[in-house]
Amino acid sequence: MIKKVLVANRGEIALRVLRACDELGIDTVAVYSDADTAAPHVVAAGQAVRLGPAPPAESYLSADRIIEAARDTGADAVHPGYGFLAENAAFASACQEAGLIFVGPPPQAIAAMGSKISARRVMQRAGVPVVPGETPADQSDAALEAAARRAGFPLLVKASAGGGGKGMRIVRGAAGLAAALSGARHEARAAFGDDTLYVERLVTRPRHVEVQVLADAHGAVVHLFERDCSTQRRHQKVIEESPSPALAPALRARMGEAAVAAARAVGYRNAGTVEFLIEGEGDSARFYFLEMNTRLQVEHPVTEAVTGVDLVQAQLRVAAGEALPWAQEDLCQRGHAIECRVYAEDPSAGYLPQAGRVLCFRPPVRPGVRVDAGVVEGSDVPVHYDPMIAKVIAHAETRAGAIDRMRAALSEFRILGLPTNIAFLIAVIDSPAFRAGTVDTAYLDEDGASLAAPLSVAPAALAAAVAHEDAVPPGTALGREGAALDPWTSLAAWRG
Amino acid sequence: MAGTRRFIVRQGENATAVEVLADGRIRVGEQGDVFAVTAVGAGEYLVSRAGRTWRVAVAGPPEARWVGCDGASARVDVQPEGRARAPRVRALHGALSAPMPGTIIDVAVVVGQRVRAGDVLLTLEAMKMELPIRAPKDGVVSVVRCAPGELVQPGLPLIEIA
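Protein chains in written order, with this note's numbering: chain A, 1 to 496; chain B, 497 to 658.
Keep in mind that the hints were calculated from the coordinates and are not lab data.
Idealized CB from N, CA, C, for every residue including glycine.
Any given hint might turn out to be false.
Unchecked claim - These stretches of chain B come out as covered by chain A in the derived footprint (C-beta under 8 Å, 3 or more residues): (1) 519 to 527; (2) 542 to 550; (3) 553 to 566; (4) 594 to 606; (5) 637 to 649.
Take these sequences, add in the hints, and give me the full structure.
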């Protein structure tokens, strides 16, 4: 087994991995930038090593510094989390060359799937359906325009190296192509250090459904069913769930088989996700391979909830050379799980990301609810990194039950000090389309655009804002309307 | 407890008069509803009226006070009436500033250039996203105070349109 893991990440995912290590009796090393000296992941680890200044290129993306930190601390494995270096084949190779176990797939699998052009070729050969499109070898504007005409409008211009919507543009017709190419190139270069572009026909109003896979070093590959991530805003996932409300059982089975075939085709090991677009409804629906994410996903907890599997522990075991403890027929989906991503952003100001100090952070506590957070009360949310500060996962026997549970959890989640999208998330799960399970990937950007109301609170909250002005000690009753208060409150008032 | 005290609570563009009554209850709005407020923990309040109770969390100084209730939150400015601060000065007339700290990655215009409302003037990169800064009106670029690669802070004028 692995003895000491260096977690090459920050925020909630670093904490998630550190906790799994603790449970398995594995020592841990955190790394941090100057913006994160007192961050929760630094506090939670057995040891912590400074990487450098706040900008990612000088800290969390600094492969050399991270490997040096692993050597200096005697770590024998590196877990990359998601984002940063998680899908960087050169980093995975460098870990191996330094004698470190990379908790993820082999570098060859990352490379094969990291480039969309090679991923498509591999998938086509493995018999997995793909959307029409290409990455021209000649990356000139003229060659990309010719490729765009072959794929047909509307189309997507994407960073060949990327994911998560960075460096991606929708182009409705030839007129908008030149601007999209230059914008996507710039973002691709900034985010991934590689500005190779890919053009692809846009399947209009698809659902986004992905399949979790897990493979060991002994040839076993299983899938852990699907996650429906159709609730997206500008290609960024906002809400994910499992099972998908859109899949007929036969389609689910075929997608599971396709995902396993995809993983086998690239000699995959460890946890990965095969993303598909679904076009159409019910039994006539078709699915297309979108991309494979060669890492743990943000939304992995919904799979953990419905399958009862700990994916991070499984990653560590598989990385250590152990065989998968389950066969495909041992796995099933039980109940329904939903995840909402809580972002520090202002939905009413164009979802502008927000940095600042978290003055109050009180996550919901109730049965069936899990909160994976990257901040605590008093944390600073730096401008340098992703604005996602927490994930709320609700699990219940039915989809309706999971929605009700999520609604209750979000309503009692208290985050003060910077704007968040919590009110927006509540508006989304309350929307008839979400309740009906008919949300597609265009919903939030089109029909759901009106759900982003300005931040505002009820008159009762203004009364409390003024009461706080008096800075009264806890338990002091400021007004008498005893009948309206429950007995515990009155008791607190007496004690005060 | 002392007599009635009045406050102005600003929430974005809206200002609400809030009055602490002699008995400690709080009226929100002129002739508005009266609430009983009980502190139940650090920054936690139970606010009740006519058999309904809200649980409200409060944090921060008066001029940047955060309140949260039922999943909604907002920043408000609480001031004693008569001592109300002048509204914060927005950027200079015709000037555009960064909405948040970030790096200028592109300056699309030069001084003297005629622009139309909605034209992209600058592109700012912040928190891994590109944010276009657009002209709010038609006009001529009179001053450019930033260059690509520059780190900028919110509120400082970056570009002016005459």
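Against the structure, the hints come out as follows:
Residues of the segment 519 to 527 of chain B lying with their CB closer than 8 Å to a CB of chain A number 6, which satisfies the three-residue condition for coverage. For the segment 542 to 550 of chain B, the assignment as covered by chain A holds, since 9 residues bring a beta-carbon within under 8 Å of that chain's beta-carbons and 3 suffice. Given a C-beta distance limit of less than 8 Å, the hint that chain A covers the segment 553 to 566 of chain B holds, as 11 residues qualify and 3 suffice. For the segment 594 to 606 of chain B, the stated coverage by chain A is satisfied: 6 residues place a CB nearer than 8 Å to a CB of that chain, which reaches the threshold of 3.
Coverage of the segment 637 to 649 of chain B by chain A is violated. Counting CB-CB distances below 8 Å, 0 residues qualify, and the rule asks for three or more.
Figure legend: structure checked against the earlier numbered hints; the only hint not met is number 5.
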